[in-house]
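**Q** Chains as they are written, first to last, in the numbering used here: chain A, 27 to 140; chain B, 4 to 119.
Calculated from the structure, these hints are not laboratory results.
Hints may be right or wrong, so weigh each one.
Capping the alpha-carbon separation at 25 Å, the derived lysine-lysine pairs in DSS-like fashion look like this [said to hold, decoys possible]:
| id | chain 1 | residue 1 | chain 2 | residue 2 |
| --- | --- | --- | --- | --- |
| 1 | A | Lys84 | A | Lys104 |
| 2 | A | Lys127 | A | Lys95 |
| 3 | A | Lys127 | B | Lys73 |
| 4 | B | Lys73 | B | Lys60 |
| 5 | A | Lys95 | A | Lys84 |
| 6 | B | Lys60 | A | Lys127 |
| 7 | A | Lys127 | B | Lys17 |
| 8 | B | Lys74 | B | Lys60 |
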Amino acid sequence: AQSVTQLDSQVPVFEEAPVELRCNYSSSVSVYLFWYVQYPNQGLQLLLKYLSGSTLVKGINGFEAEFNKSQTSFHLRKPSVHISDTAEYFCAVSANFGNEKLTFGTGTRLTIIP
Amino acid sequence: NAGVTQTPKFRVLKTGQSMTLLCAQDMNHEYMYWYRQDPGMGLRLIHYSVGEGTTAKGEVPDGYNVSRLKKQNFLLGLESAAPSQTSVYFCASSYGESWSYNSPLHFGNGTRLTVT
């Protein structure tokens with residue numbers, strides 16, 4: 027089985043500043059990694075995913091994440107945030123075979139300060 | 004194209020009452036899921052279905068039942084509601100396995116359930 031840890035439950039950031047949301051995972055097998063975003067009063071939507079290939083993955087809205095196998099991390103970054111980025115961000119992991127389902131982290135609430 | 008639609012959006016139940024949450028998707032997806040979202044616990048999978056007429060247990064299935072009589076609908080039932088089931092419930096669907104390349108999860112906007 028796999029697990030995901032998002033150490034930061036809340037991250038306040040000033041508008042136009044950079045941000046990094048941390049995600050670490052644990053698994054005994056190879057995994058796929060995802061970041062989902064949840065805007066207020068909405069369901070989750072896919073931000074980006076790592077399945078294979080380049081360890082730097084670019085997603086929507088200027089976000090990117092880097093897969094680091096040795097550190098078992100998949101941190102999400104954005105060089106300059108906007109008010110519209112205020113949301114909750116979930117990291118998720120799945121084994122890359124069989125009928126394994128996504129396991130979600132506990133989420134990080136990103137608050138942008140004007 | 005509505006995507007994933009959940010009804011109702013809000014509901015308040017008394018302990019012991021029953022109810023059914025409806026999820027409908029119009030994307031012809033094979034896979035459907037029910038999650039619950041609780042503060043500090045993220046999303047946890049309750050039940051899922053890999054096709055019409057099939058259901059399977061997820062991480063936290065106790066106290067819930069599901070049915071998938073039609074491909075586009077996935078129902079979540081609470082037979083005897085308990086305060087511990089107060090949560091936000093999300094339905095999701097996907098074309099294939101949730102990890103596969105072109106098969107992201109599509110979520111509904113959630114149902115906020117309070118059990119008093």
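**Q** For every hint, state whether the structure bears it out.
**A** Quick rundown of the hints versus the structure:
1. Taking the CA atoms of lysine 84 of chain A and lysine 104 of chain A, the gap is about 10 Å. The hint holds against a cut of 25 Å.
2. Of the pairs offered as hints, the one joining lysine 127 of chain A and lysine 95 of chain A holds, with about 20 Å between alpha carbons and a cut-off of 25 Å not exceeded.
3. Between lysine 127 of chain A and lysine 73 of chain B the CA atoms are separated by roughly 22 Å; this keeps the pair inside 25 Å, and the hint holds.
4. For the hint linking lysine 73 of chain B to lysine 60 of chain B, the alpha-carbon distance of about 18 Å falls within 25 Å, and the restraint holds.
5. Our distance criterion of 25 Å between C-alpha atoms is met by lysine 95 of chain A and lysine 84 of chain A, whose separation comes to about 17 Å.
6. Simply put, lysine 60 of chain B and lysine 127 of chain A have alpha-carbon atoms about 11 Å apart, close enough for the 25 Å limit, and the pair holds.
7. For the proposed pair lysine 127 of chain A and lysine 17 of chain B, the alpha carbon gap of about 32 Å is over 25 Å, so the pair is violated.
8. As the CA atoms of lysine 74 of chain B and lysine 60 of chain B are separated by approximately 18 Å, the hinted pair is consistent with the 25 Å bound.
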